Amino acid sequence: MSTTAPRTTDSGGPLTTPGSSKLDPVLFGDNQFFGINHRSEEKAREQAMRFQDLDAIMAVIDDAYASGIRTLMCTTHDRIADVVERVRADPERYDGFSFFPCMPYAHKYADAVTENGILGALNRFMPDEGMLNAMMRGGRSLAKKDIEGIITLLVDAEMAGFAGVRTPVVWLQNVVVDLLLGLGFTDAFAIFAAHVRTRYGAEPGFITMNLPMLLDHLDQAGIENPLVCSNINKIGFRMSGGVEAYQDALAKRPFRAVAMSVFASGAIPPREALEWIYAQPGIESIVFGASSRSHIESTVALVREFEN
Amino acid sequence: MIRVGVVGLGKMGLSHLSMIRAHPHVSVDAVVDSAGYILGVLSKYTGLKTFTDFEKMLDSVELDAVLIATPTRFHAAMVRTALDRGLHVFCEKPLTLTAAESAELAGVAAVRGLVTQVGYHNRFVGTFREAKRLLEAGAIGRVTHLQAESYGPVVLKAKGTTWRSKRTEGGGCLYDYAAHPLDLATWFVGNATGVGGTILGSVFSENTEDEVYSTIYFADGVSGQLSVNWSDESYRKMTTRVSIFGTQGKIIADRQEIQVYLRSTAPELEGYEPGWTIKSTTELTDEVWFYLRGEEYSAQLDHFVQRIGDPSLPATNDFASAAITDRIIELLTADAAAGPATTTLVGETTASTAPKARRGSLLGRRS
Chain A
1 MSTTAPRTTD
11 SGGPLTTPGS
21 SKLDPVLFGD
31 NQFFGINHRS
41 EEKAREQAMR
51 FQDLDAIMAV
61 IDDAYASGIR
71 TLMCTTHDRI
81 ADVVERVRAD
91 PERYDGFSFF
101 PCMPYAHKYA
111 DAVTENGILG
121 ALNRFMPDEG
131 MLNAMMRGGR
141 SLAKKDIEGI
151 ITLLVDAEMA
161 GFAGVRTPVV
171 WLQNVVVDLL
181 LGLGFTDAFA
191 IFAAHVRTRY
201 GAEPGFITMN
211 LPMLLDHLDQ
221 AGIENPLVCS
231 NINKIGFRMS
241 GGVEAYQDAL
251 AKRPFRAVAM
261 SVFASGAIPP
271 REALEWIYAQ
281 PGIESIVFGA
291 SSRSHIESTV
301 ALVREFEN
Chain B
1 MIRVGVVGLG
11 KMGLSHLSMI
21 RAHPHVSVDA
31 VVDSAGYILG
41 VLSKYTGLKT
51 FTDFEKMLDS
61 VELDAVLIAT
71 PTRFHAAMVR
81 TALDRGLHVF
91 CEKPLTLTAA
101 ESAELAGVAA
111 VRGLVTQVGY
121 HNRFVGTFRE
131 AKRLLEAGAI
141 GRVTHLQAES
151 YGPVVLKAKG
161 TTWRSKRTEG
171 GGCLYDYAAH
181 PLDLATWFVG
191 NATGVGGTIL
201 GSVFSENTED
211 EVYSTIYFAD
221 GVSGQLSVNW
231 SDESYRKMTT
241 RVSIFGTQGK
251 IIADRQEIQV
261 YLRSTAPELE
271 GYEPGWTIKS
281 TTELTDEVWF
291 YLRGEEYSAQ
301 LDHFVQRIGD
311 PSLPATNDFA
321 SAAITDRIIE
331 LLTADAAAGP
341 ATTTLVGETT
351 ASTAPKARRG
361 SLLGRRS
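Protein chains in written order, with our numbering: chain A, 1 to 308; chain B, 1 to 367.
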């Protein structure tokens, strides 16, 4: 375990918005830790090798903390539990640090579905197998309370690893949000939102690749001023509905926007990317991942420059 | 509006349903599955009209097209029924379990003038499309060799409980995984003339193979190598890569990027220089109306919808093309079942050098 003290920063203190219910202006992402790179398989593998060591992950998180970042927006990957453990064990060192869990970690479920089918996969991840087994035997259709039960139990299973740390926002991952969105299963959003609020006292968030369409459905679900994270970048990378529709939504619709993929996986130079982002109305926060101190510091410096 | 019925609501079916229901020119008028619990949820929460029986659905709902994503062993009969009723058909891959049946269904669809498509989504990936474009432009000269690979972490222990772990139902690494790089290979260099040295190996599975290795001989003297393993935990998800070697250069493509090496003698091509040129998916991918799990999945459904609107549009992944892939799958199966063919020098004793058919017991049962 690494024992070095966190570096202090001379670049302006924590990047937070104290006394406000707003999110921090910068959230740190975790794709880089798990071999996810949207532009290069080679780079992804290189990162997977480097970050199989927890100390290597913590060193980068410490660099982010030293630059003023106080939030890790993370998947519910098994290895994040180890990061949580480190932070929980040292509350002084990680003063003010929060996790924004994004659930579920979809590949875990997708592989389980291939292996065991949809019900079999659900069974594997449900803490209580009795309910599903009863349904499989009966083959009956599910009542609303069954659906609520399944959704809330799955959320609770994913949240178990975050006990004892701050999780003021809980996100539903885009692959699930967009699956439900396409199906028209709007009620599921409301069930998720209600459970996250009541059980965890947290703000529910929705990650999507289809922002304009999702906003309509969140309206229908009765979720007011929703927290929504989506790709927002100058070149329109993975912004389904088109850049103009996104800009229109940002200008006119009541929602709290978190921008991800602002650099379009490195396709846009940082200054140009952020200059464009801060010229858009209504973006509350950006999420970015990086694996080097210099990259973190230069990005944070740009944010501080444009924020002022 | 194009009226579509979606048949089979497993992993692929549900995601197809989500994407196509979001398509502005499609109305999903029926869904079919054998599992009551899924239908119950969909009917209650999404208002979809649900059926447990395919033919009953066809009898009671007027459709233009069906999207079939059932386990592979049901494809042939369902596709035939749909074509007989004059419906356009999108079917998940592989098309059927026999090359003859796939070819016949392609013929039926052609006679009736129906639009067909099979879910080989890689042909809609920006980087692979760019590779195809470069090959058609003769960018790397005469192609001599192609290497097609897929790896991923699907089967990591012995026991699976779905049809995907049973070869007789269209499960296994060959049908499920290897079909993708094979299909890309035929798209890039054409039909195979033969295969050799095929290994269908088990890593963990009891009733099917987990790895596929083979040498494939294509027309015009192009050779190919196939290397596929769905029991490779070092990959986060399925990863497909094709490397193509030519007299004027080389192309390496996966879903994220295309790396192209051109000799100084290669023909000039806009956007490419002698030496390495690397292009990423971010610059090669067109936006889609709805994104669920990769632009290619949306784009292939849009292609199907567009072709129904205008059947004169050039087809990508029609039944005829999928039948070529099914034929090579059958060649690979036969070649593996025939056992290893090895070469020794005159005078050497074969007993100690010939590899044992270590997976022979698995393969022997199959033919």
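Hints may be right or wrong, so weigh each one.
Here are the computed lysine-lysine pairs in the PhoX-like style, where the Cα-Cα straight-line distance is at most 20 Å [what the hints assert, rightly or not]:
no.	chain 1	residue 1	chain 2	residue 2
1	B	Lys237	A	Lys145
2	A	Lys108	B	Lys250
3	B	Lys279	A	Lys234
4	A	Lys108	B	Lys279
5	B	Lys11	B	Lys56
6	A	Lys43	B	Lys44
Pulled from the structure, derived: some chain A residues nowhere near chain B, Cβ distances all over 12 Å [what the hints assert, rightly or not]:
no.	residue
7	Lys22
8	Lys43
9	Arg45
10	Gly96
11	Ala121
12	Asp146
13	Ala157
14	Arg166
15	Asp178
16	Thr186
17	Asp187
18	Arg238
19	Pro254
20	Phe263
21	Ala264
22	Glu297
Source of the hints: derived by calculation from the structure; they are not laboratory data.
In this text, all values refer to a predicted model and were calculated from it rather than measured experimentally.
Just so you know, even glycine gets a beta-carbon here, dropped at the ideal spot from N, CA and C.
To see whether the hints hold, each was checked on the structure:
1. B:Lys237 <-> A:Lys145: Violated, at about 34 Å.
2. A:Lys108 <-> B:Lys250: violated, 36 Å
3. B:Lys279 <-> A:Lys234: holds, 18 Å
4. A:Lys108 <-> B:Lys279: Violated, at about 30 Å.
5. B:Lys11 <-> B:Lys56: This hinted pair is violated, its Cα atoms lying about 23 Å apart.
6. A:Lys43 <-> B:Lys44: violated, 45 Å
7. Lys22: holds, 28 Å
8. Lys43: violated, 9 Å
9. Arg45: violated, 8 Å
10. Gly96: holds, 32 Å
11. Ala121: violated, 9 Å
12. Asp146: violated, 9 Å
13. Ala157: holds, 20 Å
14. Arg166: holds, 28 Å
15. Asp178: violated, 5 Å
16. Thr186: Incorrect as stated: the minimum Cβ-Cβ distance to chain B is 8 Å, not above 12 Å.
17. Asp187: With a cut-off of 12 Å, Asp187 (chain A) comes too close to chain B, as the shortest Cβ separation is near 5 Å.
18. Arg238: violated, 6 Å
19. Pro254: Non-interface label stands for Pro254 (chain A): nearest chain B Cβ at 23 Å, farther than 12 Å.
20. Phe263: Non-interface label fails for Phe263 (chain A): nearest chain B Cβ at 10 Å, not farther than 12 Å.
21. Ala264: violated, 5 Å
22. Glu297: Non-interface label stands for Glu297 (chain A): nearest chain B Cβ at 25 Å, farther than 12 Å.
Hint violations for this structure: numbers 1, 2, 4, 5, 6, 8, 9, 11, 12, 15, 16, 17, 18, 20, 21, all remaining hints satisfied.
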